[in-house]
Amino acid sequence: MTPQDAAPALAGALIALGLVDSAFSGFRAYAGRDARIRKGRAVVRASLRGLAVGGGLLLAPVFTAGAVLLAAADRHRAYAALAEGGIGFLVPLACYATAVLLSLAAYLVLPFRASTLAMVAGLGPLTLLRPLAVAAACAGVLVRGAGVSALLVGAVAGAAVLSVEPLVHRRWYAVPRG
Amino acid sequence: MPHLEISDLITVTDPRSGARLPVHRGEVVHRLREAGDRRAARIVAALPADRHDVLDPRAVDRLMIGVHTELQRLSEELRLGERLVHVLGPLFEAVRATVPGPLRLVDVGSGLGYVVRWLAAHGPLGPEVELVGVDLDAALVGEADRLARAEELDCRFVHGNAFDLPEAATVYVSTGVLHHFRGPDLAEFFRAQAASPALAFCHFDIAATRLAPVGAWVFHRTRMRHPLGRHDGVASARRAHTDETLLHAAAAPGMRPLLYEPRGLANPFCTTLRPIIGVRPELEAPLRRALGRAARRLVGPEQLVGAAR
Ligand SMILES: C[S@@+](CC[C@H](N)C(=O)[O-])C[C@H]1O[C@@H](n2cnc3c(N)ncnc32)[C@H](O)[C@@H]1O
Numbered sequence: 001m002t003p004q005d006a007a008p009a010l011a012g013a014l015i016a017l018g019l020v021d022s023a024f025s026g027f028r029a030y031a032g033r034d035a036r037i038r039k040g041r042a043v044v045r046a047s048l049r050g051l052a053v054g055g056g057l058l059l060a061p062v063f064t065a066g067a068v069l070l071a072a073a074d075r076h077r078a079y080a081a082l083a084e085g086g087i088g089f090l091v092p093l094a095c096y097a098t099a100v101l102l103s104l105a106a107y108l109v110l111p112f113r114a115s116t117l118a119m120v121a122g123l124g125p126l127t128l129l130r131p132l133a134v135a136a137a138c139a140g141v142l143v144r145g146a147g148v149s150a151l152l153v154g155a156v157a158g159a160a161v162l163s164v165e166p167l168v169h170r171r172w173y174a175v176p177r178g
Numbered sequence: 001m002p003h004l005e006i007s008d009l010i011t012v013t014d015p016r017s018g019a020r021l022p023v024h025r026g027e028v029v030h031r032l033r034e035a036g037d038r039r040a041a042r043i044v045a046a047l048p049a050d051r052h053d054v055l056d057p058r059a060v061d062r063l064m065i066g067v068h069t070e071l072q073r074l075s076e077e078l079r080l081g082e083r084l085v086h087v088l089g090p091l092f093e094a095v096r097a098t099v100p101g102p103l104r105l106v107d108v109g110s111g112l113g114y115v116v117r118w119l120a121a122h123g124p125l126g127p128e129v130e131l132v133g134v135d136l137d138a139a140l141v142g143e144a145d146r147l148a149r150a151e152e153l154d155c156r157f158v159h160g161n162a163f164d165l166p167e168a169a170t171v172y173v174s175t176g177v178l179h180h181f182r183g184p185d186l187a188e189f190f191r192a193q194a195a196s197p198a199l200a201f202c203h204f205d206i207a208a209t210r211l212a213p214v215g216a217w218v219f220h221r222t223r224m225r226h227p228l229g230r231h232d233g234v235a236s237a238r239r240a241h242t243d244e245t246l247l248h249a250a251a252a253p254g255m256r257p258l259l260y261e262p263r264g265l266a267n268p269f270c271t272t273l274r275p276i277i278g279v280r281p282e283l284e285a286p287l288r289r290a291l292g293r294a295a296r297r298l299v300g301p302e303q304l305v306g307a308a309r
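Residue numbers (this note's numbering), protein chains in the order written: chain A, 1 to 178; chain B, 1 to 309.
In short, the hints are calculated from the structure, not lab data.
All residues carry an ideal CB built from backbone N, CA and C; glycine is no exception.
Here are some of the chain B residues that sit facing chain A, going by a computed Cβ distance under 7 Å:
{"hint": "1", "residue": "Glu70"}
{"hint": "2", "residue": "Arg73"}
{"hint": "3", "residue": "Leu78"}
{"hint": "4", "residue": "Arg83"}
{"hint": "5", "residue": "Leu112"}
{"hint": "6", "residue": "Leu147"}
{"hint": "7", "residue": "Gly215"}
{"hint": "8", "residue": "Phe269"}
{"hint": "9", "residue": "Cys270"}
Covered by chain A, according to a simulated footprint, are these stretches of chain B (three or more residues, beta-carbon under 8 Å):
{"hint": "10", "segment": "150-164"}
{"hint": "11", "segment": "219-231"}
Work out the full structure, taking the sequences as your base and the hints as a guide.
Okay, structure coming up:
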């Protein structure tokens with residue numbers, strides 16, 4: 001299968017990853033702003049807010065990719081370059097997402113002592129590394145030799161996912177509540 | 001250089017009357033600069049003050065509530081409630097075997113009362129344990145009380161001083177408070193409880209491992225938004241008392257001091273907070289029995305040298 005053949009699946013995987021990340025970003029925007037003990041519903045609401053904002057923001061890379069294709073002299077080559085870039089973008093993010101999901105699973109299922117390890121060695125540092133994961137994804141585009149247009153799409157996608165948390169925070173959680 | 005926490009300097013309460021005292025911003029900034037902490041000085045310099053340079057008490061209260069709300073997230077993520085119950089469950093089992101009747105747990109320096117409210121919401125200690133939080137900061141006590149009422153939790157919060165305890169307890173507990181007490185205050189804190197009718201105390205604080213300041217930096221950086229919270233979080237990890245200091249200070253008359261998960265025995269990645277315990281001597285054997293295999297994590301002063309090796 002060529003990268004072009006895989007392009008729709010690739011785009012689907014990247015958007016799915018972006019949406020899952022948005023839901024987590026919504027949670028993070030809310031966490032630490034509500035001191036109640038029982039807040040399951042509020043957590044779900046915050047995640048949905050992240051999902052909604054992320055869904056909107058992720059249209060930006062989709063439109064950018066569309067514009068790149070429309071503006072290209074050789075649309076076939078541009079499509080191939082975007083597909084190539086998509087692979088380069090996905091690999092670092094997939095590694096990052098796997099590490100997050102493993103830590104999260106460990107955090108949720110293990111007893112408190114081991115779950116602390118998952119938090120201290122996993123989820124905490126991984127949150128800090130999130131912008132670096134996005135930078136690595138952009139570097140991945142370049143490593144695959146996908147060109148500047150593909151990098152532009154990647155950069156827009158990266159900026160979109162990194163904006164979800166601050167936007168949700170500012171819109172709904174700027175003032176602590178309880 | 002001493003590590004100072006901004007929150008200790010911007011909220012000053014008269015220990016006797018409990019009254020809030022005015023705080024001059026310039027003096028706090030000066031103190032922080034003297035201690036070589038320019039970053040902390042900048043954070044305080046940006047806080048609102050009146051024309052006499054007195055910090056706006058309402059703004060400070062809002063800030064403290066905000067920072068403690070963020071701090072609660074860390075307690076939630078590190079499963080502080082379960083961590084406590086892991087030791088308090090057996091401790092109350094031992095207490096019940098010794099004294100019949102209603103029991104009372106008092107959380108000293110309860111802040112927003114997360115521990116007390118969590119225990120009230122989940123009930124792991126049983127319904128006959130009355131749950132009370134005490135704190136020197138009236139704004140935090142008010143907010144803890146409001147939160148408890150909002151969720152209809154069976155617990156209460158009292159404004160008071162740890163050194164002049166307003167509430168009698170069967171067991172005194174605290175989380176993240178010990179590092180605020182320095183020098184002779186630390187031993188005095190334990191002595192006041194030992195001199196009361198309480199049967200035990202169990203105070204959780206940051207384990208003074210080499211990893212603690214790094215871990216605190218990562219956590220406060222990623223989980224807290226306000227620079228004050230980030231600053232104080234790291235400062236508190238740097239100020240954490242050593243195992244030796246805790247065991248020495250907790251050796252109050254009539255109490256047997258025991259440290260749970262001392263440095264030498266614990267994995268610093270898993271042991272972020274752990275307690276120094278004091279029990280009336282007759283409670284030690286029942287406590288060890290109730291802890292079962294976990295009792296091997298318990299050391300007295302006489303074992304510490306061996307355990308640290
Ligand atoms: C780091 S906070 C910890 C709050 C809470 N225990 C928690 O784990 O979130 C320290 C708390 O100790 C309180 N405190 C400091 N000195 C005190 C004293 N002498 N008596 C009572 N509370 C005190 C402060 O007001 C503050 O709420």
